[in-house]
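A.B. asks: Residue numbers (my numbering), protein chains in the order written: chain A, 758 to 1063; chain B, 758 to 1063.
Where hints are given, some of them may not hold.
Identical chains share a label here; the pair holds if one copy fits it or two copies do between them.
To be verified - Here are the simulated DSBU-like pairs of lysine-lysine, each with C-alpha atoms no more than 35 Å apart in a straight line: (1) K938 to K848; (2) K1059 to K1046; (3) K994 to K961; (4) K910 to K938; (5) K1058 to K987; (6) K938 to K1034.
The set of hints was computed from the structure by calculation and includes no laboratory data.
2 protein chains.
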Amino acid sequence: MEINRNNIANWLKELQDTICSALETADGQSKFEEENWTREEGGGGRTRIIRNGAVLEKGGVLFSAVEGDAPDFLFKEKQHSVTETLSESTKPKFFATGVSIVLHPQSPMVPIIHMNIRYFEMDNGTRWLGGGIDLTPHYIVEGDARFFHAELKRVCDAHHKDYYSKFKKWADDYFFISHRKETRGVGGIFFDRLNSGDAMSFEKNILFWQDVGRAFAPIYCELIHRNKNKTFTELNKQWQLLRRGRYVEFNLVYDKGTKFGLETNGRVESILMSLPKTAGWEYHFTPEKNSEEEKTLSLLKKGIDW
Amino acid sequence: MEINRNNIANWLKELQDTICSALETADGQSKFEEENWTREEGGGGRTRIIRNGAVLEKGGVLFSAVEGDAPDFLFKEKQHSVTETLSESTKPKFFATGVSIVLHPQSPMVPIIHMNIRYFEMDNGTRWLGGGIDLTPHYIVEGDARFFHAELKRVCDAHHKDYYSKFKKWADDYFFISHRKETRGVGGIFFDRLNSGDAMSFEKNILFWQDVGRAFAPIYCELIHRNKNKTFTELNKQWQLLRRGRYVEFNLVYDKGTKFGLETNGRVESILMSLPKTAGWEYHFTPEKNSEEEKTLSLLKKGIDW
C-alpha cells in the first residue's frame, strides 16, 4: 500500500476487526461492545471492550487516530531538556494512530496479554513506528513462554537479524516493576521511534510492524487453547488477584502511555481499560517453598533466554 | 517537652501505641502484627499491620524515623529548578520521623481513613512539620462528613483561626484525582512545611500538630461505631471495590509520599500497605439515577463547606 496516514489508519481498523473476530471465536461466549469517541483537539477512536466472557473476563481492543499540536514532551525527550518548550507558532502538527490491547482472562491458568502498535508523524516530515507485545502469565508455563518468544523471534527474523535480540531486551527493560525488582511477566518485544532512514527502508519497517500486529491473534488464541480447560483452586484465584495487583502497579506507576494519557487529559475510560476487573494486595505475601507461585516469582527477571 | 528529634520520635511511638490499642478495641477481633525494619542509609521503622478483623479488613499504623543525606527533591521543590542538584559535600543531613495510617474496613458502610503526621529537620537548621487526615467513605453520609470536619475544625481553631480554612482547602486540592475530576473522598485537612518562625512559635506548631495526631483515634472509632452494624448488599460490595480502585489510582498516580518512597528505593511493603486487599475496575461504570452511588459521586468535589 502507499504509505500515508489514511492507509495506515485504515489498515489498523481492519486489524482491529480481525483481532476482535478471532478473540470472539476463542472466547465462544461474549462479544465486543463498541464505543466511538471524538477528541476535542482533533481525531478520535473506536474503543471495543469485552467483558464477562467464558475465557476473557475484561479487556479491550482499541483503535485511535488523533491529531493536533505536537505535545511538548516529544521535544523534551529528544533534547534531554525539560526546561525548554517550543513556542506555539513553531510547534509542528502531529498525527498518531494505533491499536492497543490488554486482555485479562477469567482463569488464572490463562495469561494476561498486551499488544500495542502505533504510527506517529509530524508535519515537519518526522515519522516513526512503535510497538510491543508482552505476556504476563499468572503462572509461568515454560513451554508457553518458549512458544511465545519463538513466535516473536520468527516475526522479527523475517525482517532483520538484530530485531529480536534488540527488541526482546527493550521489552525486558520496559516491562519492569522497579520497586518490586520484578519483570511484569515473561516479556516479549518492544520498539519505538523505528524509522531506518529513507522512504524505501521505511516501507520495510512498515512491513515488519504489520507482521507484529498480525502475529497477535494466532499467538494468543493458541495460548488460550492450551490453558483454558485447566482446573484451578481458590489459592490459584487468590494468586491471580496478587499478580493483577502488580499489573495495576506497573500500569499506573510506569507505563508511559498511561501516564501520558492521564497527564494530557486523554479519554480516561479508554486509557484505564487496561486495569483488571479485580485486583488484590497482601502485606508481605511470601509463597510457600517449592510452590508454583514461588517458581513463577523466580522467573520474573530480566535476561532469560526463552 | 523539649523539642528535639528523640523526644518527637518517642512521642510518635507512643501515639502509635495509643492508636493501635484504640483500633484493636474498636475492631474487637484482630490484633496488630509488628515488624521492625532498618534502613541501610540510616534509621528504620516499626510497621504495624492489621488484617482480617471484624471491622478492619486491611490496614497499617506505621512509625518510622530515618536519616541520611537530604534527598535532592527537597532542593528542587524549593528552588523550582529541576536541573540543579547540590554536590555531595554541600548536602545537609536530614532526619525525618512520622506516623502514617491507612485503614480499609470490611464493610462498605464504614469509611476508609488516612492520617499522616511528620517531622523533618536538616543539620543546616531547617525544620518543619507536616500532616493530614482525610476520610474516604464508600457511601457519603452527610452527618458523618459534618462530624468529621467539625472535629478537625475544633482541633484547628484551638490553635489558629486560619488553620482550618487554609488546611481544609489544601486537602481538597491534594486529595484530588485529576484524571477523574473527583476528590478522593470528603477531604479533611492537609499541611506541610509548617514552621511559623522562631523557637517559641515552633513550640506552638508542635502543640497543634500533636493535637492532630491525638484527634485521629476518637474520630475514627466514632465513625466505626456509627456505621459498623449497618447491613449491606452485594451491590454495595461491588461499589466498594470500585471506590477502592479509585483509592489505588490516587495512591499510585498522585500521592507524593508513595511516589517518593517508590522512587527512592523505600521499603515497598510499608509504602504499599495503603493499598486495599481487593479493588476493582469496570469500563465506564455509571450509577443508576437517584441511587446512593450517584449521590456519593455528586459529592466528590472540591470546596464543599461541610
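A.B. asks: Could you run down the list of hints and mark each one as holding or not?
C.D. replies: Results of checking the hints against the structure:
1. In this assembly of identical chains, K938 and K848 lie within 35 Å of each other by CA distance solely across copies; the values are 28 Å between and 39 Å within a copy.
2. For the identical chains of this complex, K1059 and K1046 are intra-copy neighbours only, at 22 Å inside a copy versus 49 Å across copies, given an alpha-carbon limit of 35 Å.
3. Proximity of K994 and K961 under a CA criterion of 35 Å is satisfied in neither setting, with 44 Å inside one chain copy and 52 Å between copies.
4. In this homomeric assembly, K910 and K938 come within 35 Å of each other (Cα to Cα) only inside a single copy, at 26 Å, whereas the closest approach across copies is 43 Å.
5. Only within a single protomer do K1058 and K987 lie at most 35 Å apart by alpha-carbon distance; the minimum there is 26 Å, versus 46 Å between protomers.
6. Taking the shortest Cα distances, K938 and K1034 sit within 35 Å of each other both inside one copy (25 Å) and across copies (21 Å).
The structure shown violates just one earlier hint, number 3.
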